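Engineer: Next come the chains, spelled out residue by residue.
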Amino acid sequence: MIEGSGINLSVNLGRIKLKNPVVTCSGTFSSGLEYSEFYDVSILGAVTTKSFSFVSRAGNPPPRIWETTCGMLNSIGLQNEGIDFFIKNHLPKIKSLGAKIILSIFGDDPGEFKKIAREVKKVESSLLAVELNLSCPNVKEGGIAFSSMPAEVEKITEAVCKILEIPLIVKLSPNSDSIIESAIRAKCGGAEAVSIINSIVGTAIDIDTFKPRLGNVTGGMSGPAIKPIALAKVYFLAKADILPIIGMGGIYDWRDAVEFLVAGASAVGVGTANFVDYEAGKKIIEGIRNYLSKKGINDINKIIGKAIC
Amino acid sequence: MIEGSGINLSVNLGRIKLKNPVVTCSGTFSSGLEYSEFYDVSILGAVTTKSFSFVSRAGNPPPRIWETTCGMLNSIGLQNEGIDFFIKNHLPKIKSLGAKIILSIFGDDPGEFKKIAREVKKVESSLLAVELNLSCPNVKEGGIAFSSMPAEVEKITEAVCKILEIPLIVKLSPNSDSIIESAIRAKCGGAEAVSIINSIVGTAIDIDTFKPRLGNVTGGMSGPAIKPIALAKVYFLAKADILPIIGMGGIYDWRDAVEFLVAGASAVGVGTANFVDYEAGKKIIEGIRNYLSKKGINDINKIIGKAIC
Amino acid sequence: MKLLSGEIISNEKCGKGLYKIEVFSPYICRNANAGQFVNVKCSPDGILDPLLRRPFSIYNVEKEYNVFSILYLEKGKGTKFLSDLKKGSNLNFAGPLGSSISIGDRSKNFLLVGGGIGIAPLYFLARTLIQKGKNIFFAAGFKDNNFIEWSGELTRLGINYRIFTEDGSWGDEGLATDFVKENIKKYKNYKIYCCGPRDMLISMQDILAGKKISVTALLEERMACGVGVCRGCAVKIKDGNGSFVYKTVCKDGPAFDLMEVIFD
Amino acid sequence: MKLLSGEIISNEKCGKGLYKIEVFSPYICRNANAGQFVNVKCSPDGILDPLLRRPFSIYNVEKEYNVFSILYLEKGKGTKFLSDLKKGSNLNFAGPLGSSISIGDRSKNFLLVGGGIGIAPLYFLARTLIQKGKNIFFAAGFKDNNFIEWSGELTRLGINYRIFTEDGSWGDEGLATDFVKENIKKYKNYKIYCCGPRDMLISMQDILAGKKISVTALLEERMACGVGVCRGCAVKIKDGNGSFVYKTVCKDGPAFDLMEVIFD
Ligand SMILES: Cc1cc2nc3c(=O)[nH]c(=O)nc-3n(C[C@H](O)[C@H](O)[C@H](O)COP(=O)(O)OP(=O)(O)OC[C@H]3O[C@@H](n4cnc5c(N)ncnc54)[C@H](O)[C@@H]3O)c2cc1C
Ligand SMILES: Cc1cc2nc3c(=O)[nH]c(=O)nc-3n(C[C@H](O)[C@H](O)[C@H](O)COP(=O)(O)OP(=O)(O)OC[C@H]3O[C@@H](n4cnc5c(N)ncnc54)[C@H](O)[C@@H]3O)c2cc1C
Ligand SMILES: Cc1cc2nc3c(=O)[nH]c(=O)nc-3n(C[C@H](O)[C@H](O)[C@H](O)COP(=O)(O)O)c2cc1C
Ligand SMILES: Cc1cc2nc3c(=O)[nH]c(=O)nc-3n(C[C@H](O)[C@H](O)[C@H](O)COP(=O)(O)O)c2cc1C
Ligand code: FES
Ligand code: FES
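Protein chains in written order, with my numbering: chain A, 1 to 309; chain B, 1 to 309; chain C, 1 to 264; chain D, 1 to 264.
Hints are computed from structural coordinates only; laboratory data are not their basis.
Predicted model only: the values in this text are computed from it and were never measured.
Note that beta-carbon positions come from the ideal geometry of N, C-alpha and C, so glycine has one too.
Some hints could be false.
Rough simulated footprint, nothing fancy, chain A against chain B, three-plus residues with beta-carbon under 8 Å [to be verified]:
hint: 1; stretch: 15 to 28
hint: 2; stretch: 35 to 47
hint: 3; stretch: 226 to 232
hint: 4; stretch: 250 to 261
hint: 5; stretch: 295 to 309
Whole structure, please, built from the sequences with the hints as guidance.
Structural biologist: As structure tokens, then:
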């Protein structure tokens with residue numbers, strides 16, 4: 001059902017070739033192993049792993065989750081077991097499932113990014129691409145992400161680019177004005193594509209205790225509530241025509257995914273939706289295919305950016 | 001029920017004294033006349049009018065409204081009959097209802113703001129305050145608001161401040177990094193308080209026609225979906241302790257209102273909620289009073305900013 | 001206009017995705033006039049998806065029983081919620097909203113042209129006209145025979161009517177507007193009211209261009225407030241100076257002089 | 001673990017805001033073990049408020065009928081939605097999630113200490129232990145007598161139990177934990193399982209400090225995914241080096257060695 005039927009779903013983001021435009025969002029799919037119990041994750045365009053740092057990180061104090069109206073806040077704080085753990089434990093398993101992998105990495109400074117890249121170097125042929133998470137809103141309370149410092153974006157991208165041969169994706173933040181400038185710098189640094197958006201800074205407060213609902217005071221907001229905001233960011237960046245875009249933020253079903261493609265994203269990321277509908281990724285791929293088939297469109301590339309005027 | 005009971009609900013934002021902290025958001029309550037059919041609008045802390053410009057404005061082409069998940073986009077484009085119409089037609093009526101009035105004004109440049117201010121001067125004793133809308137996201141497609149140019153914020157505030165004696169509120173945009181800087185400049189210019197947030201730039205696209213859902217391509221997002229984002233902006237600005245804040249963005253019920261107060265807002269604005277529950281303003285005042293009474297708190301000022309650490 | 005809660009007396013299917021809901025409300029029955037609508041909260045208490053209220057024309061008012069009704073098509077999540085509501089539970093709505101159609105004493109003959117669910121407000125109008133002893137012809141056009149079960153209600157009015165369907169499965173094959181076009185001479189002294197899809201209204205404009213027949217259309221537009229404050233439901237209306245102004249469907253309308261409406 | 005849809009066999013009130021829902025699911029009945037939970041979508045198809053699934057312990061499994069059940073308290077909008085679900089409609093849930101409690105052959109005697117709705121997973125555990133021929137004592141503490149209707153189910157298990165209520169309106173006045181404290185010597189050779197409010201678990205830690213009695217607690221934490229991918233449901237667990245690691249309630253738990261849990 002997914003393959004065949006004469007409709008082309010494959011997209012290219014520079015050197016990154018995806019058999020269909022649906023990837024998972026970093027941090028919402030782990031390395032794909034859990035969800036592989038619900039469906040064959042190799043049908044996805046790619047699995048984007050959660051962000052790994054050089055050494056393991058404990059993450060933020062709980063509570064880490066707060067549900068908001070049609071959205072959620074998280075302050076996970078990049079809890080992860082470190083890049084070596086990923087390489088030794090997750091990578092062989094997820095590879096054996098046949099999934100294409102985008103590895104998300106995160107560092108506190110350009111130096112840490114380089115150190116991770118050197119580790120990744122050893123297995124880069126097993127990976128489709130590396131995504132540089134320059135935009136986590138959860139590290140410090142309201143902390144500034146690299147993504148809002150365009151010069152840093154270029155520096156880090158360039159540094160990693162010198163080490164790795166596989167394509168780089170730069171993940172940018174909606175929490176600053178500088179998406180376009182940062183995308184330009186990412187391109188200068190050698191990136192192949194950008195992912196937008198990471199979660200939006202938000203908070204919630206308990207009116208009985210007067211304490212924040214999250215251990216880390218603020219968190220990153222994601223889910224259907226933020227879709228119109230994410231879509232506008234994608235639309236404007238696509239219009240600026242700098243690098244291919246993986247669009248994400250609030251995608252819940254295939255209609256949302258198509259909307260991002262039409263707005264100019266070359267691929268889409270499914271995040272929070274995975275928590276609500278464990279089969280979201282699969283259903284979105286099927287939905288896109290049916291949509292194209294009903295519309296008599298034989299190539300997904302024909303709708304990408306169609307709304308841009 | 002609303003008055004009496006020994007609980008103090010009155011708050012001061014500099015020279016602006018409100019009998020309770022609940023005001024309406026500009027553009028969501030017109031001048032209060034329609035809603036006065038649902039309840040006595042004089043019970044509100046104040047009615048903030050929609051934004052008036054010097055001469056009338058036709059507004060943006062329809063469609064102007066799109067519903068999003070737990071929120072909405074609008075691209076009204078500041079349709080209004082001009083400041084003279086307000087002064088001659090709305091002002092006498094809303095005054096006769098006993099409502100306190102915050103007049104929102106909007107201009108294309110400092111010159112227009114001055115011209116409006118000179119008209120307003122004639123009736124300023126009838127007004128509680130003037131709100132300078134420096135942050136409408138709907139004027140141009142993705143247009144830059146004054147609010148993202150701190151120097152302009154100061155210039156306009158100062159210009160109006162020289163003309164009017166009544167307090168000024170400056171309404172800022174969430175669509176830029178510069179809220180804190182703009183608030184500082186607003187203070188330098190002589191403002192008494194800031195209102196945050198105006199609506200957030202967003203869009204939606206019709207996947208059948210590939211056209212944007214709004215005549216103006218992008219619009220301003222409002223409603224419950226944006227609450228966590230607005231609350232974080234209020235929290236950080238309150239922490240910076242520059243000017244008193246009227247907090248708004250997604251407030252739907254009294255719990256939301258209390259959350260904004262606890263986060264550091266000295267007053268709250270009710271916007272989109274008016275469209276869903278025509279009595280929202282009234283219910284929120286009652287809800288806040290009951291909450292304080294149940295908690296045994298006799299003065300609302302005791303909870304303002306309680307969450308700031 | 002008031003924010004109200006009324007008991008649902010019945011909520012029954014009368015076609016594919018077509019329902020009629022009857023609600024107890026003395027206030028609406030006392031105050032509503034043809035052309036007005038109610039704005040309905042289409043989610044349970046405390047649930048905000050869908051967020052905005054949904055506008056529905058008042059389809060009928062039965063003063064004897066203090067019951068008014070809405071005829072509606074299931075389209076999306078709001079109307080899905082409505083169709084699941086059980087008899088005996090309460091409907092949260094506000095109304096009557098919009099301006100009433102004022103029926104002068106001068107006109108005697110009325111032609112009502114409805115397309116699809118657009119027949120809903122015209123039904124209330126027809127009942128009002130009957131009470132005033134007017135002469136009415138009702139031309140109703142549909143895609144197919146989905147409204148056939150409903151048509152009993154039309155028959156019971158005892159007025160002259162004709163049904164047109166695009167697929168010919170019920171009544172005459174064709175469009176109600178084609179019928180109007182062919183017979184327009186007959187309706188010179190009629191006042192015309194129409195409600196239906198945009199294309200139908202545009203056809204009516206074409207047919208009536210230069211004809212000096214009074215024609216009122218009931219318009220639809222996406223709404224946020226429903227009470228005239230947000231300016232969301234703007235439609236372009238000619239202003240006499242060759243230019244236009246934006247008027248609100250929810251407050252200035254839904255009824256407008258069709259020849260003044262600019263569709264673009 | 002699977003994403004499932006199962007017919008609701010019954011959904012009945014058994015106390016103020018307390019309900020038991022029975023759902024047909026051969027898969028859950030085949031695969032679920034004590035300590036596991038299901039993650040339930042608590043809004044209609046296409047409606048996203050509330051957005052996230054709600055976790056509920058599996059309360060009972062009746063293999064003969066392929067029916068499992070959840071005992072739940074109405075708290076907010078998710079559980080309100082649940083309580084409105086009608087028999088014959090379908091429940092959208094995923095499970096069984098979390099790790100199973102493994103019951104070794106060595107232990108013979110089990111003390112179960114439940115507080116409030118915390119008795120739900122312990123009930124399934126008790127049934128499992130009974131099947132294995134274990135000796136069980138169930139100490140259940142409540143605020144008031146709201147669970148009195150439910151207690152018939154406990155009686156029918158035919159095990160020894162005692163009920164404590166804070167207001168003395170049912171069973172003995174007092175806390176289940178005070179009972180455990182006073183009688184701790186009796187339970188030296190017991191394995192203890194407890195589930196209930198945070199304060200109860202902290203009391204249990206105090207009571208058992210230094211006692212070398214094996215005690216397992218079933219924890220709760222706000223969840224996003226429920227399957228171990230988001231790290232949202234983190235709890236602090238001692239790591240042996242005097243430090244701690246964050247473990248997930250949804251995958252590593254919900255059952256943890258209580259003496260290793262750091263509440264701060
Ligand atoms: C003045 C007026 C009177 C109406 N009278 C009737 C009636 O008597 N019977 C009936 O079946 N329908 C009527 N409609 C249309 C009705 O409001 C929509 O079908 C309904 O809002 C769809 O809601 P939904 O959630 O099911 O669909 P969705 O498609 O999920 O709605 C999404 C959004 O679009 C808006 N919307 C969708 N369709 C329309 C439309 N045609 N006009 C305006 N807004 C729309 C909704 O209000 C909502 O904000 C009327 C509309 C207006 C403006
Ligand atoms: C492993 C586990 C097992 C549980 N088993 C049961 C059970 O058998 N019976 C029962 O009645 N309840 C149980 N709970 C608690 C149940 O999940 C909450 O009562 C329910 O989520 C409340 O949802 P709501 O929408 O009604 O309330 P709301 O307060 O509106 O919920 C808001 C948010 O908080 C979360 N939340 C609220 N209370 C809790 C809680 N106590 N623990 C975790 N998250 C919470 C919700 O999931 C949601 O994201 C269990 C919780 C966990 C973690
Ligand atoms: C629980 C959670 C954890 C996340 N962790 C990461 C992460 O480790 N790295 C990253 O780049 N983005 C992370 N994100 C952001 C998502 O990848 C995505 O950009 C964002 O959630 C918006 O998409 P959505 O609305 O579809 O979830 C996380 C999001 C959530 C909800
Ligand atoms: C339909 C609509 C029109 C608005 N018009 C104005 C306006 O004229 N001036 C202004 O300062 N803000 C305007 N706003 C923004 C609101 O005042 C408010 O800042 C924003 O909607 C966030 O609050 P909410 O989520 O409670 O609606 C408008 C918002 C809406 C929804
Ligand atoms: S819907 Fe707000 S003015 Fe008509
Ligand atoms: S809820 Fe996601 S890891 Fe537990």
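Engineer: Evaluate each hint against the coordinates.
Structural biologist: Now the hints, each set against the structure:
Residues of the stretch 15 to 28 of chain B with a Cβ under 8 Å from some Cβ of chain A number 0, which does not satisfy the need for three, so the listed coverage is violated. Counting residues of the stretch 35 to 47 of chain B whose C-beta sits closer than 8 Å to any C-beta of chain A gives 0, which falls short of three, so the coverage hint is violated. Using a Cβ-Cβ cut-off of 8 Å, 6 residues of the stretch 226 to 232 of chain B lie near chain A, which meets the minimum of three, so the contact claim holds. Given as covered by chain A, the stretch 250 to 261 of chain B passes the check, having 5 residues with a CB less than 8 Å from a CB of that chain where 3 are the minimum.
Residues of the stretch 295 to 309 of chain B with a Cβ under 8 Å from some Cβ of chain A number 4, which satisfies the need for three, so the listed coverage holds.
The earlier numbered hints that this structure contradicts are 1, 2.
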